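*Asks:* Residues per chain are reported as follows:
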Amino acid sequence: MPQVSMTVNGKPASGDVEGRTLLVEFLRENVGLTGTHVGCDTSQCGACVVHVDGRDVKACTMFAAEAEGAEVTTIEGMGEPDGTLHPVQQAFQDHHGLQCGFCTPGMVMSAVALLEKNPKPSEAEIRDYLEGNICRCTGYHNIVKAIMAASGQDVGRIAAE
Amino acid sequence: MYAFDFTRPRTIDEAAKALGAEDAQALGGGQTLIPALKQRLAMPSTLVSLSAIPEMQGVCRADDGSVCVGGATPHAVVAAQAAGDFPALADLALNIGDPAVRNRGTIGGSLANNDPSSCYPAAVLGTGATVVTNTRKIAADEFFDGMFTTALEEGEIIVEVRFPVPRRAAYAKFEQPASRFALVGAFVAQYDDGVRVAVTGASEDGVFRWAEAEKALGAEFSADALDGMAPSAEGMIGDLHGSPEYRAHLVGVMTRRAVAAAG
Ligand SMILES: Cc1cc2nc3c(=O)[nH]c(=O)nc-3n(C[C@H](O)[C@H](O)[C@H](O)COP(=O)(O)OP(=O)(O)OC[C@H]3O[C@@H](n4cnc5c(N)ncnc54)[C@H](O)[C@@H]3O)c2cc1C
Ligand code: FES
Ligand code: FES
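Protein chains in written order, with our numbering: chain R, 1 to 161; chain B, 1001 to 1263.
Quick caveat, the hints were computed from the structure, so don't treat them as lab data.
The reader is advised that the hints may include incorrect statements.
[Stated by the list, open to error] Restricting the straight-line Cα-Cα distance to at most 25 Å, the calculated cross-link-like pairs of lysine to aspartate or glutamate (DMTMM-like) are:
#1 1038(B) / 16(R)
#2 1017(B) / 1055(B)
#3 1017(B) / 18(R)
#4 1038(B) / 41(R)
#5 1038(B) / 94(R)
#6 120(R) / 1091(B)
#7 1017(B) / 68(R)
#8 117(R) / 1085(B)
#9 117(R) / 1234(B)
#10 1038(B) / 131(R)
#11 1038(B) / 18(R)
A quick note: this is a predicted structure, and the numbers were derived from the prediction, not measured.
Chain R with its partners taken away, still in its complex shape (with noise of 0.2 Å):
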């Protein structure tokens, strides 16, 4: 079986892998980091997303040899080695941006690397980016209002109506 090495959250990772091991499966079964979720397995919901070389990309629908030398962040990389929530973590939390959690990391991967190209990005811009993120629970409005929090934007005006 072929060898694939990578860097995941800042630290080597390497395993043997079949051409047909997905991204997705080596993050959680080879190297043991479970945050990054399955739900479609068909590029749909966005449950999957991680950065690889600092692009979100659908884990789910990439193969672990196309990461080769790459880059690669999950959800666990995005808190402090202390704990600390990332800030757009916090502001899930503070907003109730999740109910059961499920879409939950894939949606902060997404909101991390949107908040990257565009700091303030309007609700519109917002909902438009998340577009490949699917959340069956929460009808989406907390997560907007979190995002936009957590690049220091007004939520007062996103009340809901």
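Please build the complex by placing chain B with the ligands on the supplied structure of chain R, with the hints as guidance.
*Replies:* Using the frame of chain R, we list chain B with the ligands on its own:
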């Protein structure tokens, strides 16, 4: 997925060689192929990844003024790098799927797949672009051969697409609300010697040129020139998202919107 070998060559020559093996298949961004593999709709012996070939990445401007897009360039990179030289193309790329799909899906994969609802075929046919492969150059009018079918031979690689830059152009897409693919999309481009109109999403034969609209717009480039015009519903796709008549009507509407957006 059935098991397969995986290889990630660094040059087009190496990739072409690897694709010469029996049942070897190219892997672009995998946004279509991986779901197909998961459903066991494909059984390649080897997947030849095109993602690590520097010659196939990025957007540049050729000496003749055309915009060249490397065959393995993801949609997000086209959206960023073509924005200055060919904004209509950048805008089309920016509205494909969602951000994560745009970070993986590639122009070569989209064209080779020739999904009847995909966006890039409209830009390629609507500009009369040239599809450059590892063995030849294929004119857009010769490339698309009906739904999911192209002029590509087994193992042939799209290494680049060359777009002649129009005076003005725009793509207007009516999104299928679940998949966000085009229910109908129209690409309109005006050149010194005429206007081209290519329509995706609508026809059972895949992307097509709407000759009647090209003629009308060649005489007068305005949405009004297409007033009341729509192609025949015969041969249009009918499914749960829309009837053939609905799609034919949308072709008129989306083409007028594209003309208006081109300014
Ligand atoms: C959720 C979702 C939403 C989407 N929305 C849209 C949309 O709105 N509009 C749209 O147009 N598309 C859309 N797509 C399709 C997507 O944009 C990709 O373009 C498409 O999946 C194919 O590109 P790929 O690079 O992923 O190709 P792959 O899946 O890797 O390959 C597809 C086929 O092309 C072949 N191939 C790949 N690269 C080459 C090459 N360089 N030369 C020759 N053959 C090659 C492969 O062998 C395979 O047969 C969507 C996809 C998803 C998953
Ligand atoms: S599990 Fe990857 S998109 Fe749903
Ligand atoms: S919080 Fe349950 S799916 Fe989003």
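*Asks:* Now, for every hint given, state plainly whether the structure supports it.
*Replies:* Status of the hints after comparison with the structure:
1. 1038(B) / 16(R): holds, 20 Å
2. 1017(B) / 1055(B): holds, 16 Å
3. 1017(B) / 18(R): At roughly 22 Å apart (the allowed maximum being 25 Å), residue 18(R) and residue 1017(B) satisfy the hint.
4. 1038(B) / 41(R): holds, 9 Å
5. 1038(B) / 94(R): With Cα atoms ~38 Å apart, residue 1038(B) and residue 94(R) exceed 25 Å; violated.
6. 120(R) / 1091(B): It holds: about 21 Å lies between the C-alpha atoms, which stays within 25 Å.
7. 1017(B) / 68(R): holds, 22 Å
8. 117(R) / 1085(B): Distance of about 21 Å is within 25 Å: holds.
9. 117(R) / 1234(B): Not satisfied, since the Cα-Cα distance of roughly 45 Å exceeds 25 Å.
10. 1038(B) / 131(R): holds, 23 Å
11. 1038(B) / 18(R): This hinted pair holds, its Cα atoms lying about 14 Å apart.
Of the hints listed earlier, those the structure fails to meet are numbers 5 and 9, in rising order.
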